[in-house]
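Protein sequence lines correspond, in order, to chains G, S and D.
Heads up, our numbering is the position in the first sequence plus 78, with the first residue counted as 1.
Heads up, our numbering is the position in the second sequence plus 1, with the first residue counted as 1.
Heads up, our numbering is the position in the third sequence plus 15, with the first residue counted as 1.
A few of these clues could be false.
[As the list claims (entries may be wrong)] BS3-like mimics (lysine-lysine), calculated; alpha carbons at most 27 Å apart, straight line:
id, chain 1, residue 1, chain 2, residue 2
1, D, Lys224, S, Lys144
2, G, Lys204, G, Lys406
3, G, Lys204, S, Lys7
4, G, Lys385, D, Lys127
5, D, Lys224, D, Lys127
6, S, Lys144, G, Lys204
None of these hints come from the bench; they were simulated from the model.
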Amino acid sequence: MTTTARQRPSADDPRVLLDEGAGLFEPVPPYPPRTEREAEFYTLGDGEMFLNAGPHHPATHGVLRVVMKLDGERIVDLDPILGYLHRGVEKLCENADYHQTIAYMDPLEYVASLFCEWPAVMAYEKLLDVEVPRRAEYIRVLTGELNRVSSHLLAMGFHALDLGGLTPILYSFIERDEIVDMLAAITGQRMLFNYFRIGGVNGDLNHDFMSRLGDWMSRATEQVAANAGLLNENEIFVQRNRGVGTMDRETAIRMCWTGPNLRACGVPFDLRRAHPYSVYPELEFDIPTRDEGDSLARYLLRIDEVKQSLRIIDQCLHQMPDGPVMAKLPRLLRPRPGRAFAAVEGPRGEYGIYAVSDGTDQPFRFRIHDPSFLHLQSFPLLAPGGLIADWMVINASLDPIMGGVDK
Amino acid sequence: MDRALKARLEARFADVSTGPIRQRHDETELRIRARDVPDVLRALNDEPAFEFQLLADLAGVDTGDHMQVVYHLWSTSSADWLRVIADDLPRDDPRAPSVTFLWPGAEWLEREAYDMFGIRFEGNRDLRRIFMPPDYTSFPLRKDFYLPDDAARSPGGGTRPMERTGAPNAVPAGTIRRTPA
Amino acid sequence: MALTGEGESRSSALVVPGSAAVGVPIIVRNDLWSAADPAAYDGGRASDITHLAEVEASGIAARDDARWSGALEIIPTKADYVLDLLRANSLWPLLSGLACCAFEMMSSATSKNDIDRWGMFPFRASPRQADVLIVAGTLTTKMAGPLVRLWEQMPEPKWCVAMGDCTCSGGRYKRSYSTVEGIDRVMPVDVYVPGCPPRPEGLIYAMMKLQQLVLDRRGHWPERAVGPTVPAGV
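Pulled out of the complex, with its shape left as it was, chain G reads as follows (with noise of 0.2 Å):
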């Protein structure tokens, strides 16, 4: 097989419809391969082409840019690339005191804004060796849990509207709306909670919250149930995802993945049971596992860990102590100068803050790490072979959010 270099067509040839200053948009870099995974990918072998999906794509997910090599309609290979939404948080938060970056963690995975909050909180937890009340952390499970409810439902929304099925995601959405009203209710805002505190939360549950969520319990299951069954036996639903995405068990481990994705490979790794943090070890609830590891297995995961959550929430509301709802703490924090690392099991992974403080009221380093960064990594393993549609299919069933992937 013969490989050719791929010419950049001048501005004579019929084929330019812009002029010169517009230039043709060509997903080949303007420059030289200056590694050995950009040499491989950007050389076209025989009756091969390129197609470029993103920025901007109707794929709800975000701003993701994937360049497929294609040959016909089959992917041969798939270079992701990010950064359309990096937005250097891990910059700005070395400039802001303890309090101010908790709130510029919500952005990042913004359905999931709780469990990005939580990490951090847990990590100046440690750094400060703060005690959290028991009631404050009652609080924070329930609130994560619903908002695991929620991210999951809406995950399954996205996975069937990225496959052309345009109803779930409405169904989804109800949930979603009554979720964030009732957290509303409590945090003040329907998205970006800004909630948790360093030793607790903002405010304490209210009446409000409180009847929402007794509503909305009453009838949480069938209304899960009813809208899972929307898909789970929909053949086409189905049969565009068996098979498709096909993970295996040491290769996730090697890819660093976490989370469903993981579960749904086989591996029962749950940050909750394995690295218990928060009062998880109190609350009686259990780990769902799949083996097929494929976007069916993945999908259905996400059905069984809802069906957990409102177990657990359950648990939540009936062991719930009474107490203060944050620690006592200085308004100006100046933690002792050391290192601390925290993570909690979200909806899409393993969410991790590895904080360095230097003794001032700013953290000196402020890494964040996002399990959507490591599914995406491994489209190029998952999506050769198959078509365009299955990498939709894939997209969709790994569930990122670019809002973490790019920070």
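Given chain G, work out where chains S and D should sit, using these hints.
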């Protein structure tokens, strides 16, 4: 705090660790030199006494004096997170060995450390920028890369509180923040 | 961020009522962005609409500058009004959710807050078919190129809504090294929706304001003197 883990680490890695093995809350910390990273991590991954097979995070840190690469590992055999700090990377030309031979998933994490700090990972097949555009020339998370915040702290920044950030007021603008991390 | 141009106070023909109470507006030229066609947007002249009361008084809104009437010039007023009604009641947005605000945009499109009541349900995937570009989410310097390309691919008449703090002014990322502090640095904006993120009701209010703009022929669109914003030759 897993004392047994500390004992095992001290026994095994006494020759390569550059400092005491510290423990705090649920984290154990091991410091090594950058050139020992492949051997140490391979030992931690393979040996049955350790079995640290999950790489939780790979971070670059710029301490102001030098750079570090920090690995966080998890194992079924221990309740602690293990933090391996590869110290002593010079700020001018930071180079570290890549761990992609062990965890291919570290490729993008190393790309990010390169993009943000300029740390060159030897052995990474794809060391190009991941967040910033490919023709960007600076490394944003280095301590000598200044945001407008630092301009606000300078004498030209103004005197009113709105114009100044909450940055440590004793630190003059343009200084590189240093810490013995 | 320091503004690059110095503030110039214009001695305009507008009469500012109660000038002791109301300060002289500072109008800063936008040097950071220019249209490919130098005659567009009044040739770069800063807008002299600084006070809403003046808009009514000066009769700008009532001016008939219907470029698009074409064959219907014989009956200019009524038919253009109908055209404007048609445009206002079926503004089709382009799916351009960049970040968190996209979720509130989607929430405003789904069952509970349904903007299909105003005709805006079809979120087009292709810019060629869209009327409104709702930029929802932080614009980074890397994404600015593709976003402007999307804007230029949209056919006239088109409007732009800056949704969320990040698109209005950079928001919480104003000090960052890689964000664009407000999309009005790269494209003309008709409606700004503050909020982080704005509630769906807020976006609906903004779309209703946009409908009002369309019907009143205000905003950037009627002020464009000549020609579309895409480069010649396309």
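Hint by hint, here is what the structure shows:
no.	hint	verdict
1	D/Lys224 / S/Lys144	45 Å, violated
2	G/Lys204 / G/Lys406	15 Å, holds
3	G/Lys204 / S/Lys7	19 Å, holds
4	G/Lys385 / D/Lys127	24 Å, holds
5	D/Lys224 / D/Lys127	20 Å, holds
6	S/Lys144 / G/Lys204	25 Å, holds
In summary, the structure is inconsistent with hint 1 from the numbered list given earlier, while agreeing with all the others.
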